[in-house]
Structures are given as C-alpha cells and as structure tokens.
Amino acid sequence: MRATFSSVLTQLAVSDPKVLLLTGDHGYALFDEFRKACPSQYINAGIAEQNMVGMAAGLAKLGFKPFVYGLSAFVPVRVVEQIKIDIAHDGLPVTLIGDGAGFVYSHLGTSHQSTEDIACTRSVPNLVVMSPADRFELEACMMLAYRSGCSTYLRMGKADLGDVHSESISEEAVKSPISITKSKISVEEGNRNNRDSSVVIFASGSMVKTAIILANERYPDARVYSLAILKPLDEESVRSLCLGSKAIIVMEEHSIIGGISSAILEACSAIGCPPLLRIGVTDRFSQFCGSYDYLLQEHGLSTDLVGKKIDNFLDEVGRL
Amino acid sequence: MKISSDLIVPQFHSATLRRTILDMAYAGSTVHIGCAFSIVELLAVLYRKYLKYPNNDPNSEARDYLVLSKGHGVMAQYACMKEIGWLGLEDINSYFKDGTVLKGLSDSRVDGLEVTSGSLGHGFSVGVGIAMGAKLCGSEQKTFVIVGDGELNEGAIWEGAMFAAQQELNNFMVIVDENGLQAMGKTSDIINLGSIQKKFESFGFDVVTIDGHNEILIDIAISEFQKTTSMAPKAIIAKTVKGKGVSFMENDNRWHYSRLTKADYDAACGELEGQCL
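Residue numbers (this note's numbering), protein chains in the order written: chain U, 596 to 915; chain W, 50 to 326.
Check each hint, because a few of them may be wrong.
[To be verified] So, partial list: chain W residues that the calculated Cβ filter (under 7 Å) puts toward chain U:
1. Thr-165
2. Val-177
3. Gly-182
4. Ala-205
5. Gly-209
[Claimed, not checked] Capping the alpha-carbon separation at 27 Å, the derived lysine-lysine pairs in BS3-like fashion look like this:
6. U/Lys-841 to U/Lys-770
7. U/Lys-770 to U/Lys-613
8. W/Lys-247 to W/Lys-235
9. W/Lys-101 to U/Lys-613
10. W/Lys-276 to W/Lys-98
11. U/Lys-903 to U/Lys-753
12. W/Lys-288 to W/Lys-131
13. U/Lys-631 to W/Lys-184
14. U/Lys-613 to W/Lys-184
These are computed hints drawn from the structure, not numbers from a lab. As the structure is a prediction and not an experimental result, all values here were calculated from the model. Yeah, the Cβ is synthetic: ideal placement off N, Cα and C, and Gly gets one too.
Work out the full structure: start from the sequences and follow the hints.
What follows is the structure, given as structure tokens:
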C-alpha cells in the first residue's frame, strides 16, 4: 500500500509540476522515488507541522497542489486549526496524508497512536475524509483527491495487510460503500455458523481485512462493505443497506466516538436503524507496550475478540 | 460631469483612515480600535506605494500579497479598501449589521483580504507559503505579513521564521506591530520578548527597527529592503502606539475592548479633525 502511495504520488508530480510533497521530516525511504524523479517538488518542512500546513495553504493560493505528509497523530490531529482556518475554510486543493493511523506505532505509545483523527476531521466543513483499505482504494482516493481539487484528509493505517479487492476501483465507485466481492471471500463449507444474509458489515481501513476474514470463517452470508470515503458519506446508500438488513456491524481502528459508526448512525438517525454493533476503540488510551497485534487484542479488535463480540451480538439480535 | 473612479487617486491620509475606523467601530458598536490604529501608517505606505494590484483587481493572480496575520487590526485594512474603492460608504455604515460580510477579524472570503486570521500565528506561515510559491513560479510578487508583538507568543511564528530563512525567501517581509500591549496587558509583563530585532536576526532575517508611525521611515525601510541583494527574509520592527491618533486611546489597553459612546466618538472625531484630513 505504501509503495502504491509513493508511486502514485510520484506519477502525479511527474505529470503535473504543480504537485508538491511537503513532509514534516517523516517518510524515511518512502519518498526516495519521488525525490529522485522530482527533487524540486519535494519540501521537507522540518519538525514544524503548524508552519507546514499553513505554508501548504499559501502554496495552494498560488496555484500549487500540495500533498502534506505526516504521521496521523500529527497531521491532522496536531494541526486541526490550521486545516480548518487556512485550508478548508478556503476550500484549497491540499491533500493531507496521515500515515500510521490507528495502532501502527504500537510500541511507541500514545503520542504516535492515532484513534481520534477521523472524529477531528469529520466535523471540519469543506473537508473530504478518506480511509482506504488497500492499494486499489488508495489509488482511487488519491486520484480523486487530486482531480477534485477538494481539501482532503487521507488516512493511511496498517499498510501491509494485503489487498481486499482483486482489481482496480474507479474513482466513482470509491465514493459509495464498496461491496467486497464474493469471489474474494472463499467460503469454506461446513465452517458457517451464520447463514443470515441480512447481516451487513461496514468496515474501513485495516478493519476491512478483519471483516473479510471473519466473513470467510464465520459469517459467509453476511454482506461486507468497505467505506473508503467517510465524508461526504454516501448516506443514501448507507441508509438503503441499513434498512435492508436485520443487524449491522461497524468495524474501525478508531474511537467509536465520532468515527465511522457515528457517521452511519447519524445517517440513519431520522429513519431509525436496525441493531448496530460498534466495534472500535472505546474511549481509552492504550495501557501497555506491545506489537500491533497485541494492541489490537488489548482494545478488543483482534479477529478472535471481534468474532466473539459479533457472535454475542447476533445471539442477542436473534432473541429479539 | 461624471468623474471616473479610475481618476481618483487614493491618498491614504492617516487621519482619514482613522476616521473611517472610528465610523465603523461606532456604527458596529465594536472593539479592537486600538489594534487598528497602531497599523494605520504601515498600511497607508504599503497600499499607497508598494502593493501592486493589476487592473485594481484585489483578486488578480499577479497581485502582491498583504497578509494581515494580526486579524484584530482589520478595520485599518477596511479603511484602506474604502480609499481604493473596494468598499463603499454603505459597507462602513452597515458594519456588524446582520447579514453583512465584513467581520471583526480578517476573513479571506472578502475580496482584498488574503487570510482568515484572528487565531494568531496563522498568517505568518500562509505568507511563507505564498512567498515560496512565488519563488517556485519565478514570479516577482511580494509578500508582506503584518503580525502583532503579542502574536509573537505563538510558536508557529518561529516555525515559519526558521523555514523562511532556510529557504532564502527574500521576497517575504514581516512587519511587526510592536505596540507593547496585548490583550491582557503589557507584552513585557506577560511574555517579555526582549529585543525583537535580535530575535529575528538570530533566526536569519535582515531586520530594521523604525518608528511605525513615521511614513517616511516606513517607506525608506521597505525601499531599502527591496534594493538589497541579500537572500534573507526581511523583518521590519515597527515601534507603534496602540490607539495612536486619539489622545485618550493611546497606550490605553481599554481600547482593545471598549465600545465607543457618542461622547467618545465625537471627542475622537474632533481630535482627528485637527490632524489635517
């Protein structure tokens, strides 16, 4: 996924000299290709994110199309005010890349973990919020951000989980809930404990992979959708999917406050919603040091623990 | 006979500008008069001589950029925009009325204002980006950023200063309105900045300190900086008086917050009348 990020950005910069890359002294080795191909379009703004984002606004006022790269804990969370006032207020064509979202920097602790970024950015007017799940969604999101000229926050989480789609996704398709094709879910007969196709799973970013694994192993008839563009959310499609289901599961490597489940519930607030299980970070910081997988477990987001929550939830729904 | 507005050369007389500020503040029953009064001469010189707006268009792509990072002084900029003809008398008289567009702090959606400021420390970095963009484009456009001395408390200012020097943005000029007061009192009592000149020098700027109400000195400072071949970004430290121009407002921080009574307004206008409009 990160290789795709680097190559797409380099291609954009080669074809359009107005594309700039600003980094807050992050991205070691990630930008080797870019720096080699377009050295004059690479700007290391130093460890000074506030200035970097304000400067991106100034560059955009002069017609440039800056991509601003940082760790998600810093861009956007540290600089929400600059994003709000300097960029989004004027609808400037700046794409903010927040890398390492969620628990990617598990061993480094709270300062580098980012589970508030979607909540922070969703409430900023004029700002598009993206959270691709694999390289295909990422490429579509990046191209959409570039071509639309919209102020955009693009969240990149755990990037080495492999693909969730088997082929490219169009910029148009990425705007709506993306159905995970059945061919991608290799159903193993005899391993099903739920045959109810009226269960819908919405997931985003890294959790799409978890959703697919669980659907493969336990809920083969559930319909799995990846949400790559969280704002503007295709509310009509989301409402339609929710209304057509008996139970909804939402999975995100982000706080359940203000994240994807919040967005879905907001979309359904006027019409009501079937029972909805929110799987995400429950208003707490990580307590321990450990691997990415360990921290997922600490927060109840490992595949096993998510599966147990879903089982319990579906049992409860079944009893209703 | 109808006189084309193109033939009217705006003068930017300081007393006229201050009178417009008073008219707005009184019409809108609003605050920040002292913040606006301290930058009147700085804006007058910039608009009269240095800022280039091709075809008198505030949105011209080839324009110079005046970034009012200390958005609290925006009434001084409105006053200059009225001189140019970008704002009319009705804009002045309807200040702060419901549904109008001129706000109490700089807002980029108003033609002629480059940034949305008031949350301090933002405009400096946006200005650095504009200056860098002009360099990348090979353009001769100039960027002037006005910050307050209290605003220098913001760390983002110094992030931008380091970067501007690193990138040799000699097309970037910051003007510090050093009036010695910030919202809650004297800057020296709150965060004592010491020598602002030395601070900017140590950050790699070419710096000069002048009387920020002396238009001749302001003109010379800008002019000399524009002649130099140095690649360093420029800083003018303008020693100013908050509330300058009206005796009972000068150096009195109540005029950061106070609203004009009819008596205040009449007395202030009376003083300005004596300053050869």
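- Item | Given hint W/Thr-165 near chain U, where the shortest CB pair must fall under 7 Å | With a minimum Cβ separation of about 5 Å from chain U (threshold 7 Å), the hint on W/Thr-165 holds.
- Item | Hinted contact W/Gly-182 with chain U - closest CB pair below 7 Å | holds (3 Å)
- Are the Cα atoms of W/Lys-101 and U/Lys-613 separated by 27 Å or less? Status holds; Cα separation ~24 Å.
- Query: Straight-line Cα separation of W/Lys-276 and W/Lys-98 no greater than 27 Å?
  - Reply: Holds: W/Lys-276 and W/Lys-98 sit about 15 Å apart, inside 27 Å.
- Taking 27 Å as the top limit, are the C-alpha atoms of U/Lys-613 and W/Lys-184 close enough? holds (13 Å)
- Message: Hint W/Gly-209 vs chain U: min CB-CB distance below 7 Å?
- Response: holds (5 Å)
- Does the alpha-carbon distance linking U/Lys-903 and U/Lys-753 stay inside the 27 Å limit? Holds. U/Lys-903 to U/Lys-753 sits at ~23 Å (cutoff 27 Å).
- Message: Can you confirm whether the C-alpha distance between U/Lys-841 and U/Lys-770 stays at or below 27 Å?
- Response: holds (24 Å)
- Query: Regarding the hint that W/Val-177 lies at the interface with chain U, is the smallest CB-CB distance below 7 Å?
  - Reply: Holds: closest Cβ of chain U sits about 5 Å from W/Val-177, inside 7 Å.
- Hey, does the W/Ala-205 contact hint survive, CB to chain U under 7 Å? Since the shortest Cβ distance to chain U is 4 Å, the answer is holds.
- Message: What's the verdict on W/Lys-247 and W/Lys-235, does the C-alpha distance respect the 27 Å limit or exceed it?
- Response: holds (20 Å)
- Message: Next pair to validate is U/Lys-631 with W/Lys-184; report whether the Cα-Cα distance is within 27 Å.
- Response: Judged against 27 Å, a Cα distance of about 21 Å means the pair holds.
Consistency note: the structure conflicts with none of the earlier hints.
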